[in-house]
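Fit chains B, C, D and E to the supplied structure of chain A, relying on the hints for placement.
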Amino acid sequence: MPLDYRRFNGPEDSIPYNYYTKEYLKSYHELHRELIDENGVRKDGRTLDEARSLCMFFARTDMISQAKGSAYIELKKTKVVCSVFDPREIMHQNEFSALGQLFCEVKFAPFSCPRQRRPHAPDAEEKALSVALRKALEPTVCRHLFPNYQLDIFVYILEHDGACLAAAINAAGLALADAAVPMYDIITACSLAVIGDQMFVDPTEAEENLAIMNPEKDGINNGLITMAVMPELRQISDFRQIGSMDVNCIMKATEVLQKECEKILPNIQQILVLNVVNSFEQQKQLEKEAKEREAALNAKMEEWKTLLNAG
Amino acid sequence: MPGPDLLSSQGLRLDGRRPNELRRIRCKLGVFTQPDGSAYLEQGNTKVLAAVYGPHQASKSKSSVEGVVVNCQYSMATFSTGERKNRPRGDRKSQEMSLHLRQALTAAIKTELYPRSQIDIYIEVLQADGGAYCASVNAATLALVDAGVPLRAYACACSASMAWRGAEPAPLLDVGHVEEAAGGVVLTVASLPSTGNIALLELSHRLHSDYFEIVLSRAMQGCRDIEIILDRAVREHLAEGWTKQDIVTI
Amino acid sequence: MAGLLLSPTEKIYILHGVQDDYRSDGRTNIDYRPMELETDVVSHASGSARLRLANTDILVGVKTEIDVPKPDNPGLGKIDFFVDCSANATPEFEGRGGEQLANNISNMLQRAYNSSQAFDLKQLCILEGKQCWKLYVDILILECGGNLCDAVSLAVKAALFNTRIPFVKAALMDGGSVDFQLSDDPYDCKLLEAGTAPLLVTLCKIGDKCVVDPSAEEESCSVISLIVGITGNPKYYSKDAIETPNFKCKCSTIGMNGPGSVAPETFKNAINQGIIAANSLDEALGRALLRERQECNNFKKNSYGFLK
Amino acid sequence: MAEVYKLIHPVKYFNDYINRNVRPDGRKFEDQRNIKLNVNAIKSTDASAVVKCGNTTVVCGIKLELAKPKAEEPDFGFLVTNVELLPLCSSKFRPGPPSDHAQVISNIVADIFANSKSVNLKDLCIVPDKLAWVVYCDMVCLDNDGSVVDACIMTLITSLKSLTLPKVNYDVETEEISVDTSIRTPLNINGLPVATSFAVYQQSPRSIVLIDPSAYEEEMCGGTGANLIICWNNGQFCGIQKFGGSNLSNEAEKKTLIIAKERSKLVEKVIETCLKNEIK
Amino acid sequence: MSGHVTIRLASERVNHCVASSNELPRFYTPGEVISGMQDFMRGHGTYVEDDCIKSSVAGVMQKVNKLICVRPLKSRYVGEIGDVVVGRVLEVQQKRWKVETNSRLDSILQLSSVNLPGGELRRRSAEDEQMMRKHLQEGDLISAEVQSVFSDGSLSLHTRSLKYGKLSQGVLMKVFPSLIKRRKNHFHNLPCGIAIIIGNNGFIWMSPQQQNIVIEENKDEIENYELQPISKSDREIMARLKNCIAALVASKMMLDDSSIMFAYEESLRYDDVKELLDPEVMLDIAFLTQHRLNSIMEE
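Protein chains in written order, with UniProt numbering: chain A, 1 to 311; chain B, 1 to 250; chain C, 1 to 308; chain D, 1 to 280; chain E, 1 to 299.
Bound conformation, chain A alone (with noise of 0.2 Å):
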């Protein structure tokens, strides 16, 4: 790894201290215990088939004033960050493109992996979201509305606790919508994660990590899937799984993750209802606020006027 001389480097072989604390010797098994009691109440209090709130609470547009759309969505401790900026004409082409063409970046914050600190230089895991976020969102954008141009959609992790694909491309659909670009429907995503018989819906970092770990049981399922849907047309546009499962499994996945997705639906509807309510509101306020100026300019100018008119 070549040094970069654009940042501040640390020491070249420094070594986050959890790897000499208790936490990270833990067994398989033990991590298993964790994250599920008896009565099958996951840590954080969820059953199994529950995914995290995204209520307009949880997430929001109109984060980044210098972006033309962005949004905000936290699922618990997930937090991602996206901004749309209006499309522009794509560099060094020589070839006349019909259809736009979107260009997407997922990064994650250094500080966002509660392991390890991240490389500031993109990694093979975040090109691969990215092009999993552009395979999602392909088929919803009106792309040939903007010919021979390139919309930019980036993504930023805040902080990784699971679902970031499914975060990421939640927040990068109302995003777009923020932005007033043109889609066939809204887009919404949620994971899963399965480890033997259980399917957790919305998994955490440590659910997500149990999931790809190799089992102790061997040929027990295990993995991780996430699925994109555009919930009115009853579209999957992408889908992506890691792991090991029969296709039963997968069946059935399918099945949890069509129905989580749609339950979303709503939820940003309310939210993408809500901004358009308020930027009327505010529009209006706005209006209001230009008249009142123009009104006070018009009584200076008539002062001026009475002014000159007496000297």
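Calculated directly from the structure, the hints in this document are not laboratory data. These numbers were taken from a predicted model, which means no experiment stands behind them. Keep in mind that a hint or two might mislead.
Stated by the list, open to error - Restraint ranges, calculated between C-beta atoms of paired labels, are given here: (1) K255/D x A296/A: 22 to 32 Å; (2) G97/C x K255/D: 57 to 67 Å; (3) G97/C x K110/B: 22 to 32 Å.
Note that beta-carbon positions come from the ideal geometry of N, C-alpha and C, so glycine has one too.
Coordinates of chains B, C, D and E only, in the frame set by chain A:
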């Protein structure tokens, strides 16, 4: 001149060849269907694939009215060398190789025939065991012949080195990887043997000017030998593809 | 790859063909084109394979290196995939033109091989926490005639099956350093267990139906394809096969490619279709590899490579 | 209507406001924007703070790691600060390695912080020549609406003040390390540096000093960032940086120093209250 | 219900060569001297150096009167006036289309060389150009005739005949141009019920025979007709033809209507069309076809 010991007391080289012996060359034309021309060539353990696209319409930025633009890319498979390569191309060595290939092949191609066109020549080294450049030139020539691109003559490349047998200078033909690694001098020549023209000369390490002539003439001899081998391969390839009825209908 | 340019009417012809389950070369939607396989083609690699599927040509070399295991997985070795799209395949790949496609494929492979049920990295361990083997699986795409993913995964599995790892005796010395003893005999090595290695199946959605093994023309008719990675069945890869009664092939990865989307029903059907296809691919590959190993043992095998 | 005017006559638009002694966002020249501060919002860090000065939003997260000290400074720990100006915070920044501007900002913040001498790097050493803390402070700008440096320093100092170091046991014989996260001690911080940015606008004949400028104002004053940054630490003057822009009279300079001092007191109060609330 | 998968080994590779063992022609290779300069003129594939005519490609010599050419086994298409070509529209430019014809340079189809649909008179106006994309857009396939050859070697095409123009549903195959036999007619309605255009440029187009629809009729209907699915039986024959041509090409055999038809007839001994993808079967068909061609010639 105290050099590395490249010849045994019996006068044999490290891999058992005689000083003027080429490594075994095996080749085949037309290994792929998509390119206009393609060829595979083995020179000892060095294995090279070449593909030719074109002549086709040159991109606007490259287009030249004077003649065809020859575009070469030299790339080595990551598993081609003893130690794994990190990148197949884009490093300085392969850029330089691409440039040298272009020089040698442009000399052979009748470029003036095809204004506003471009010929792409892509080399993929599958296994490198010394003399990858020579094998690349030879493979590219075959691929050009397969593509039906007009050539002045075959372009062939061969390397030669210098060794001593007692006090007798004994130039070595077609240097292999062990001999390259032993640190002897390597003279690489790309030429059009039937015309006697030299398209490229490259010398690594130093060589006393007195011996330059004999090393060069050995390398040229190698080029001529290779031309014969290539020519035979081309004729065999033609024989396979030509059925009797064609001649009648012409 | 940007894909071939096709006229709308050509596309309609292909689309109707898929609907009729009769494609333009006479195949049904679940048929593969004939393939040709050769292993042990690169002498600088520990294992290698070349696979030709119609005119899709893939060369894979596996190289081994000794490395230090990751601190969170001290008992496991490492495997790394690198795909290179050679410009020999198409001028578009010149320079860094094929990089995106290459990354897509290597990501798919990396994910498919991620699970211990797909590929057991324990067999690459030399000394727990200290030393392990790292496999570099280098894939060279020499010609593209559609369906790269499937062909690559077949070639990779064949190359891994062909890979030999030297026996190493390692002992921990005082002060934490490791002492190696590599056997001098080049034949003193073990073969990798690659029976469970996953195969990727691309299901290309054309109209409402999905086809396997799409040709380049068919690929450019499709806006979305599904790629499923299915683990292999080790019984096809050993002569004295012991039938494991409950053996079930599993999905080790699912991904989607292309700008389109797919309805849930089509999606489910496609996965089932993929599993069936993967099973027949696995069986055919296993048979071919065993046959080749037989030839090799009888010293009948010649290296053909690109000659002949 | 106003938007169109702003687009067509950017300078005139700005001058119209300045002539009336008011800034485009309605503030007076000496007004600073509201500050919102939130401590420990991000749980994956060892300490963190989010600050919002008007629209400008900066998040700082601290991650602790362990390393062997440098041979030439065996009893010093490490403190690494970096500022990231993300492409999402403004359309001016492109993805990829940090731009020149981002590097400049990163350097200013590091310089200001080093000059303030708030952290003694010797405090970060655990066992001389063997083990020391590496404190990675990453400041990330989510929304760049001017005066980024102020916000960066604010988040950095707030998060450092809330940082606690876990107990480390180092066995000299076996070189084994164990960390006990249940016992934590706070890091010793001297003082509380506060930076204040100014933009200087030359409207002949007078030059106008704008405090806590927004991104738009910074641009109008002819820079990619603030023109003048003044830093005070606990009532002590500890740094001034001026970049481009226009000349500043002695008188105006004195005035800015006083304003910066005033502001530093205010900011200190905000930070103290916030940290106190957090402890409660 | 599982699909058909075959994996063969390299040791079982089939050599597609069906060249008869009869005497071979004299081959010339690059740089080889063909004859002295005095009596001959140099043509394609040759050049003059040191008062000699030398070959610049590898192939056989053709002598027409005093003109000497060397024809390579394969090369890009070199067009001649009057050739029938099949091409694909690459780009719509002002007043012309750029067409890919496997030539060294992209070919040109001038707007003035096109019969606009319905026989309507062409107005030389801007309107035309807007209509151009409607008439032929990027990706469309056309059949055309080489009208002239520009000085730089690029071809100018025309479609001013009812038999030329835009192609509808069907399959395109690309082969080396040198495998196409020059014939008087390159449009064939094969007895198996399929229309085939064997372009001189190596592009072969197969489609069901048109049931003589009246072109003058309503435009919508024509477009509708374009979208109609092709019957499965036609589809099967086209697939069989396609695989037969692929078999002949693999063995580098010359293509014309008779060789294709022979191959088709020989292939009927294999019931399932997809069997024809198998290399051994391909060789078998090429071999049988060669045999029939030989026997005809002997007659």
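Indicate whether the distance between the beta carbons of K255/D and A296/A respects the range 22 to 32 Å.
30 Å, holds
CB-CB spacing for K255/D and G97/C relative to the 57 to 67 Å hint
The hinted range 57 to 67 Å holds for G97/C and K255/D, with Cβ atoms some 60 Å apart.
Using the Cβ atoms, figure out if G97/C sits within 22 to 32 Å of K110/B.
29 Å, holds
Hint check: no violations occur; every hint is consistent with the structure.
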